[in-house]
Amino acid sequence: MAFSFDKKTTLTIGAIAVALVYIVQLFNLQILDEEYKINASNNAFRYDIRYPARGLILDRNGKILVGNETAYDIMITPLEVKNLDTADLCSVFNLDINEVRVKLKEYHRDRRRIGYQSLPFVKQVPGWQYALFLEKSYKFQGFTGVSRTIRNYPYNAGANLFGYISEVDTAFLRRNPDYRRGDYVGRTGIEQSYEHILKGKKGYNIFLRDVHNKVKASFANGEYDLEAIPGKSITSSIDAELQQYGEILMKNKVGSLVAIEPSTGDILTLVSSPGIDIEKLAHINKHFGEIAADPLKPMFNRAVMSPYPPGSVFKLVNALIGLEEGVLNHNTKYSCSGRYPVGRGVGCHPHPSPTDLTQSIYMSCNTYYCYVFRNIIDNPKYPNVAAGFNRWKELVESFGFGNKLNTDFPAEQGGTLPTTNTYDRIHGKNRWSSLSIISLAIGQGEIGTTPLHLANLAATIANRGYYHTPHIIKGSPDTLINADYSKKIYTKVKPEHFLEVIDGMYLAVNSQPGSGATARIAAVKGLDICGKTGTSQNPHGKDHSVFICFAPKDNPKIAVAAYIENAGFGATWAAPIASLLVERYLNQKVERKELEAYVIQGNLIRNVLK
Amino acid sequence: MKNHDYRKLDWPLIVCYLILTFVGWISIFSAVYDEDHAQIFDVTQRYGMQFIWIVTSFFIAFAVLFLVNPKLYSTLAWIIYGFSLLLLVAVIFLGIEVNGSRSWFEIGPVRFQPAEVAKIATTLALASLMSSYQFKIKSFKNITRILAIILLPMAIIIMQKETGSSLVFFAFIFMLYREGLSGWYIMFGILAVMIFLVTLSISPFAALIVIFSLLLVARGVIMRRVFLHILFLAVSLPAMIFSPRLGEIQFIAQKITLPDEAWLAMIIIPAFVYHIYSTIKHKFSGMWLTTLSFIGAVMLVFSVEFFFERVLQDHQRARIENLLGINVDLKGAGYNVHQSKIAIGSGGLTGKGFLKGTQTKYNFVPEQSTDFIFCTVGEEWGFMGSTALIFVFLFMIIRIVNLAEKQKDNFNRIFGYSLASILFMHFLINIGMTIGIMPVIGIPLPFVSYGGSSLWSFTLFLFIFIRIDLDRWK
Numbered sequence: 001m002a003f004s005f006d007k008k009t010t011l012t013i014g015a016i017a018v019a020l021v022y023i024v025q026l027f028n029l030q031i032l033d034e035e036y037k038i039n040a041s042n043n044a045f046r047y048d049i050r051y052p053a054r055g056l057i058l059d060r061n062g063k064i065l066v067g068n069e070t071a072y073d074i075m076i077t078p079l080e081v082k083n084l085d086t087a088d089l090c091s092v093f094n095l096d097i098n099e100v101r102v103k104l105k106e107y108h109r110d111r112r113r114i115g116y117q118s119l120p121f122v123k124q125v126p127g128w129q130y131a132l133f134l135e136k137s138y139k140f141q142g143f144t145g146v147s148r149t150i151r152n153y154p155y156n157a158g159a160n161l162f163g164y165i166s167e168v169d170t171a172f173l174r175r176n177p178d179y180r181r182g183d184y185v186g187r188t189g190i191e192q193s194y195e196h197i198l199k200g201k202k203g204y205n206i207f208l209r210d211v212h213n214k215v216k217a218s219f220a221n222g223e224y225d226l227e228a229i230p231g232k233s234i235t236s237s238i239d240a241e242l243q244q245y246g247e248i249l250m251k252n253k254v255g256s257l258v259a260i261e262p263s264t265g266d267i268l269t270l271v272s273s274p275g276i277d278i279e280k281l282a283h284i285n286k287h288f289g290e291i292a293a294d295p296l297k298p299m300f301n302r303a304v305m306s307p308y309p310p311g312s313v314f315k316l317v318n319a320l321i322g323l324e325e326g327v328l329n330h331n332t333k334y335s336c337s338g339r340y341p342v343g344r345g346v347g348c349h350p351h352p353s354p355t356d357l358t359q360s361i362y363m364s365c366n367t368y369y370c371y372v373f374r375n376i377i378d379n380p381k382y383p384n385v386a387a388g389f390n391r392w393k394e395l396v397e398s399f400g401f402g403n404k405l406n407t408d409f410p411a412e413q414g415g416t417l418p419t420t421n422t423y424d425r426i427h428g429k430n431r432w433s434s435l436s437i438i439s440l441a442i443g444q445g446e447i448g449t450t451p452l453h454l455a456n457l458a459a460t461i462a463n464r465g466y467y468h469t470p471h472i473i474k475g476s477p478d479t480l481i482n483a484d485y486s487k488k489i490y491t492k493v494k495p496e497h498f499l500e501v502i503d504g505m506y507l508a509v510n511s512q513p514g515s516g517a518t519a520r521i522a523a524v525k526g527l528d529i530c531g532k533t534g535t536s537q538n539p540h541g542k543d544h545s546v547f548i549c550f551a552p553k554d555n556p557k558i559a560v561a562a563y564i565e566n567a568g569f570g571a572t573w574a575a576p577i578a579s580l581l582v583e584r585y586l587n588q589k590v591e592r593k594e595l596e597a598y599v600i601q602g603n604l605i606r607n608v609l610k
Numbered sequence: 001m002k003n004h005d006y007r008k009l010d011w012p013l014i015v016c017y018l019i020l021t022f023v024g025w026i027s028i029f030s031a032v033y034d035e036d037h038a039q040i041f042d043v044t045q046r047y048g049m050q051f052i053w054i055v056t057s058f059f060i061a062f063a064v065l066f067l068v069n070p071k072l073y074s075t076l077a078w079i080i081y082g083f084s085l086l087l088l089v090a091v092i093f094l095g096i097e098v099n100g101s102r103s104w105f106e107i108g109p110v111r112f113q114p115a116e117v118a119k120i121a122t123t124l125a126l127a128s129l130m131s132s133y134q135f136k137i138k139s140f141k142n143i144t145r146i147l148a149i150i151l152l153p154m155a156i157i158i159m160q161k162e163t164g165s166s167l168v169f170f171a172f173i174f175m176l177y178r179e180g181l182s183g184w185y186i187m188f189g190i191l192a193v194m195i196f197l198v199t200l201s202i203s204p205f206a207a208l209i210v211i212f213s214l215l216l217v218a219r220g221v222i223m224r225r226v227f228l229h230i231l232f233l234a235v236s237l238p239a240m241i242f243s244p245r246l247g248e249i250q251f252i253a254q255k256i257t258l259p260d261e262a263w264l265a266m267i268i269i270p271a272f273v274y275h276i277y278s279t280i281k282h283k284f285s286g287m288w289l290t291t292l293s294f295i296g297a298v299m300l301v302f303s304v305e306f307f308f309e310r311v312l313q314d315h316q317r318a319r320i321e322n323l324l325g326i327n328v329d330l331k332g333a334g335y336n337v338h339q340s341k342i343a344i345g346s347g348g349l350t351g352k353g354f355l356k357g358t359q360t361k362y363n364f365v366p367e368q369s370t371d372f373i374f375c376t377v378g379e380e381w382g383f384m385g386s387t388a389l390i391f392v393f394l395f396m397i398i399r400i401v402n403l404a405e406k407q408k409d410n411f412n413r414i415f416g417y418s419l420a421s422i423l424f425m426h427f428l429i430n431i432g433m434t435i436g437i438m439p440v441i442g443i444p445l446p447f448v449s450y451g452g453s454s455l456w457s458f459t460l461f462l463f464i465f466i467r468i469d470l471d472r473w474k
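Order-wise, the sequence lines are chains A and B.
According to the numbering used here, the residues represented by the first sequence are 1 to 610, in order.
According to the numbering used here, the residues represented by the second sequence are 1 to 474, in order.
Watch out, some of these pointers could steer you wrong.
[Stated by the list, open to error] Here are the simulated SDA-like pairs of lysine to any residue, each with C-alpha atoms no more than 25 Å apart in a straight line:
#1 K553(A) - N538(A)
#2 K352(B) - L595(A)
#3 K356(B) - N205(A)
#4 K7(A) - V217(B)
#5 K356(B) - F207(A)
#6 K8(A) - I150(B)
#7 K139(A) - G127(A)
#8 K408(B) - T10(A)
#9 K557(A) - L595(A)
[Claimed, not checked] Calculated from the model, a selection of chain B residues having no Cβ within reach of chain A, i.e. all distances over 10 Å:
#10 L9
#11 D10
#12 K161
#13 R178
#14 P204
#15 A206
#16 A234
#17 F272
#18 F383
It should be emphasised that the hints constitute simulated quantities derived from the structure, not laboratory data.
For glycine and all other residues, C-beta sits at the position ideal for the given N, C-alpha and C.
The following block holds chain A by itself, in its conformation from the complex:
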């Protein structure tokens, strides 16, 4: 039957062809395609995360500024919840019974989607509450605790420096694929800038599970489990005691207080007031709304972000530039009749006249600096006003003004400096002269410096011409500090010119009564404080009180800038605050109790809020 033979063969070939196609597909799935093998391991293993303890933040003397304490997330596995006494559970965790009922109802509704997954039920339960829960846990089937570390703060200080940590959100996860839901991450301050050191490495326990997420067994008796590696500690440059004292001084004032160790650039103290209350920091999510709504903006770190006109302390810079440019020397004298008489004029306060350079500094004569500034700008060395201005700007920038200092504050701002364009825009192209911008002579007008800039200026003068980039982290036991921080950054003004200015600053604090010195209130016996007051005019309200200083005069150990908003003359508030801080740091105690009481009790908030 040749006829039927054909058909049989056809059918046989058909069957063989199908078998071959299937074998090819199997080859494809089992040998060629890796994707399915990877999927399989994700499928069958459940990785229970072990969270590492976050690294500590220590102060310069090894005291713990930011530590850890254990809290517990209470997890619920809805499918395993049986015979729950809701009221009892609520009493343990102090929860609202109605909210819990709503929550449980939601779990019940979504039970198919949730399966045997565990979900966080109550977050960050403190240890004592967890102990209470453990005692009764036989009653609460389906609830378990996972230990997490949360931050605690032994010193009541530094909240704005450390920043806070919070659980990652969706937007953050999209940008940072290394993180997983439920991780905590530093959001501001040190916690943010040193996240990579502090965070440590998560570990995991591997369990085999089935499709319902029901854990069946530990995989290979934990052979492949990974221990969590705790984050490394970092040492801050902050002096914990001094920081705390600074915050006490700044209480009820709006402004900043910054102290730097001139020889290293270490930031000893950095206060932005009002700041975040440190007790709220560990549970920032609970308090976030309240903090964000505060009209005084406690989250805003004024010390590194806010550009203020520096006022008279900027005369120091103009004096140095004048000396460098040769338009000014030790013996240059100008007389002052209470105002600078050219153009619209610039007012001055009563003081002996005429003044030489040193006197101009300790008496803070406005008129003197108007002359100096115009000589800098209109210097015949330069073809026109713009060129003179640009040279001035170049020298100003060499002090770090107008730019970020590249500190380790992620939020740091660079302040502002005008350019020739700024004035072309205001006055018209080439339609301005040194007289139009005369405000810059006394640190007013189109210039904005942060309190950190001013502290850095104090440190630069203390060092006689150079500074180290200010920084808040010294390093950690096994990581080096950023090498850039040990570099000396020189200004474009020669070191010898600084000596003239320092003399003036010394006399501003340490002159006899009746000499016209502006900062005598800052004097502390034996400390040789050198300082300069400033009263920054404020079109919106009372003037800002400014003071920068360093001490001792020879071999300085500390440089301070105090900037108090709406507080009047520099000598009224800023100088006492800064000098108390210096006294506390160098003498470890404060003798001037009356002044201290006056400062601590002073409440200037209402000046700001009015």
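Position chain B against the provided structure of chain A, taking the given hints into account.
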């Protein structure tokens, strides 16, 4: 059966049967394995039950080989067929509902699916009819009878909402082909499925191009002008394929946008009109067949959407969409297949080893001991094991076909071919769906999947054939 005849039994088939049932048993053990019930004979678990099914099937096999007179099969064919139809109807009213279909009887601990037996009954009825004296398959009357015998149980099974089981009855087309049905029916079947798939997964536009190309080639073959037609195809194909990209044309200084189909029509309609004209003029035989096929195919393309959206149920539509990659939902309709592919893929070359499979062991693959049992084999025994299993099936099917050809009796041959066809259909659909080539159609892998009624009826089916095969030694 006389005692000395056991040597003439077809031992290769019996060995295949033993291999498959054993593989099934240990795969079920592995799939359902649970450390609390580590005993493979534990009857509270599926592997323990399967052991019981296997042992009882051995009794069935023994009874079929040694106790039942094989003459009964042809004599009682119609009675058995009628009885099975009765069961099929009865189960709709008396059966229990499982996964939305009413196709199971439950008698104490035992569940039984009459659709399984209906395959054997239908086979017996067809064999009986077609082996009758001077039966001619090509007569219209006989074709009607054959269709009635096949379609009746199919229709009832569809009413039970067991669409999967009813599809298996299409397998008889292979047997009918052997018995003289024109191969064109299979070709048309395959073509229709192809057109259906192209229409859904690419576009009706693409399907029309495919049909047009086929028409041209067929016409070329019939008119013995293959080269000319292929040349025409080569010219018109790019024009048709790229026409949608032209989109707008400059037509008498006006920009008009033509729909894709308009371009196609501009080529196809004149060509088709010419084709009709030449058909009438030349009277080539086969011309009318191609013409009608063409019209039928075009109609199919335009009815696919109707069929897909209106006739199919939601889950069936979802499974097809998933297979074609139109609408892949890995958590929904695509879940089974995706998990199944992961399990098989993770097996690699040699597999993870007995009881080592993580995917099937931890229930990632649904129905892993029944319809998706092949996953366990793929995961634990790898490419080598799953290929070996495919070869066992292939060997078995080819062996049955070869034995069927040797039968002196038409009844026996038709029975053998039906058995091979149905085994092939199960093999095609079941393994095809686990590796993502076929849509998910819930039918078991013969001898391997868990389940008493499936194992019993395939055992019965196979051993009836092995028994009647002895007739050729008379």
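We went through each hint and held it up to the structure:
no.	hint	in the structure
1	K553(A) - N538(A)	violated, 31 Å
2	K352(B) - L595(A)	violated, 81 Å
3	K356(B) - N205(A)	holds, 20 Å
4	K7(A) - V217(B)	holds, 24 Å
5	K356(B) - F207(A)	holds, 15 Å
6	K8(A) - I150(B)	holds, 22 Å
7	K139(A) - G127(A)	holds, 19 Å
8	K408(B) - T10(A)	holds, 21 Å
9	K557(A) - L595(A)	holds, 22 Å
10	L9	holds, 23 Å
11	D10	holds, 17 Å
12	K161	holds, 24 Å
13	R178	violated, 5 Å
14	P204	holds, 27 Å
15	A206	holds, 22 Å
16	A234	holds, 28 Å
17	F272	holds, 31 Å
18	F383	violated, 4 Å
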